[in-house]
Amino acid sequence: MDFDADLVRTIALELKPLEGPLLPILHALVDRFGFVDERAIPVIADVLNLSRADVHGVASFYHDFRHHPAGQHVIKVCRAEACQSMGSDGILESMETALGIRLGQTTPDGRVTLEPVYCLGLCATAPAALVDGEVHGRLDPPGAAALAREARA
Amino acid sequence: MTAIRVFVPQDAAALAVGAGRVVSAIRAEALARGCEIEIVRNGSRGMFWLEPLVEVELPQGRVGYGPVAASDVPGLFDAGFLQGGSHPLAKGIVADLPWLTCQQRLTFARCGITAPLSLDDYRAHGGLVGLTAALQMDPAAIVEEVTKSGLRGRGGAGFPTGIKWRTAAAAPAEQRYIVCNADEGDSGTFADRMIMEGDPYLLIEGMAIAGLAVNATKGFVYIRSEYPHAFKTFSEAIRIAEEAGILGGDVLGSGRAFHLEARLGAGAYICGEETSLLESLEGKRGTVRKKPPLPAIEGLFGKPTIINNLLSLAAVPTILAMGSAFYQEFGIGRSRGTMPIQLAGNVAHGGLIERAFGLTLGDIVEGLGGGTRTGRPIRAVQVGGPLGAYWPTHLFDTPFEYEAFAAKGGMIGHGGIVVFDDSVDLAKQARFAMEFCAIESCGKCTPCRVGSTRGVEVLDRIIAGEDVVNQITLLQDLTELMRDGSLCALGGLTPMPVLSALTHFPEDFDRAPLAQAAE
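As you go down the protein sequences, you meet chains A and B in turn.
Residue numbers for the first sequence follow this note's numbering, beginning at 3 and rising by one.
Residue numbers for the second sequence follow this note's numbering, beginning at 164 and rising by one.
Excised from the complex, chain A in its bound form (with noise of 0.2 Å):
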């Protein structure tokens, strides 16, 4: 979706009588726009009454505020101690493999986005990833694959 300064300053308008707005002003701009736009900074300082320095000190600091656009799919594998112990270095490798990127990278097609995520709290049911916001536990290597390339297909 292109830059619209005008949606996101009725955002930001919207979600301003919050009691500490920016988190939720910055969640609902990814959730539009799927990352924050860095020309939405000066107008989410202007509607807070904040410096830009402060606003984009926030935005630069949470992990899940991404400054550039992701794959249209986003998968997510967990690399904590739980699914480490079930053999998380062999998913991350297949999904590797499978798409034909790193860890943090996106398909050059734009189609899938691999990032870490530390623990999404199925370590009962290890190794877990997120695909799009959908759980998936008691992976294998050839499981994992699977999901990849669905995501990309």
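Do not rely on the hints blindly, as some may be mistaken.
Partial pick of chain B residues on the chain A-facing surface, computed with a CB cut under 8 Å [what the hints assert, rightly or not]: (1) L178; (2) F353; (3) E389; (4) G430; (5) G508; (6) A511; (7) Q545.
Hints are computed from structural coordinates only; laboratory data are not their basis.
For each residue, glycine too, the CB sits at the ideal point set by N, CA and C.
Following the hints, complete the assembly by docking chain B onto the known chain A.
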């Protein structure tokens, strides 16, 4: 003929292993066979190795089948599972399974039994008794009840909950807040998630009671963004509770107000630290605050704030409903009440066990857990999340309670236990602990921000077999500095997994140079 009730959990872990597909298969099969059924989406009972666990309600009780795959469904119908027919996946009456009968479920009493968003279910199973009792009490009497129960913070630090409440109640202010820390970021823990998805009104009730106790009219629940299902279910529960007059301007018709908002975190582990969480709620970078002032005196927006872990607040309705003496009778030493223990990782029977404090680590891991899922010997368990110690099997006689664990250089934290088999490399796990701290450090203090990056470099040299003896000395020095000099528990506790790995598994650090090994 009345419809037969069939239960299939909607808990994220059950969904992750196919519960959604099982429901579709059951619906389709029932339709094709003309069976009248009603599918109830319950929470999980916490027996994750049996998920998806399908239960059929029969006069003798709820009969379970698990773990069920969608492809098993026609066979289950053939076997007459709607009448409790025998099948290789049959588990008998679920409530009678030893995993459940050995537990003492107070907080998780309803989880897996009821439909999470049904207020009728909640009331029918003892819900709102605690809040109703609290509405008849003086605020000071509520605080006193919580204090006498011996409840300590279930988030990790174990600070007495009643004392925190008393401090917030005594701080002069127009406005006070209740904040629930539901940023359950520790690997190996999922109890908060299970409550939000499986029994959300329990948390709502606990927070409303906390509001009454300290005269706070507003509460926030800070939920991590890695839990999309929990956020959705809990937000819906708030909406329903408001409509039913449990929340809002007139709590249960008492004339008292309590408003609740769910807020989504944004992927920063540090926001599980209470002061970072408050900064984040205020809309700032999640960096830690120095203490004092304590949040109970100067917390959210500078107002007195009770910030408690979800499990602490979820224990409160039971304390008010049953009385502090009842709760206090569970447990040993200064660890009173029950603890939801989360058994995870490479374990045969992973899941949630709520028991009074006092079982030994071995009872839990080997007894209830049944050893590893891979069938190989257990080599190590990490207790208390990514900042908790790695335990060797020869310490398995340690009782699961705050002081006994601290005495042996560990902590029970949020109650998570992650099991590793003999293929684990503890030097690599120690490196991961440092790497995790480096990724997640808020950056405010140097020992944590720089120390963790240096820690990764030192461990890389050890793993490569370079100058190992000196590097281990350096690592010990560095961890001591991080422990003593960091502002909060992230930098202060990262030494715990690192040093416990080094102490209990020195053989993994005693490496020959890699180049030499390759020759």
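ask   = Against which earlier hints does the structure fall short, listed by number upward?
value = 6
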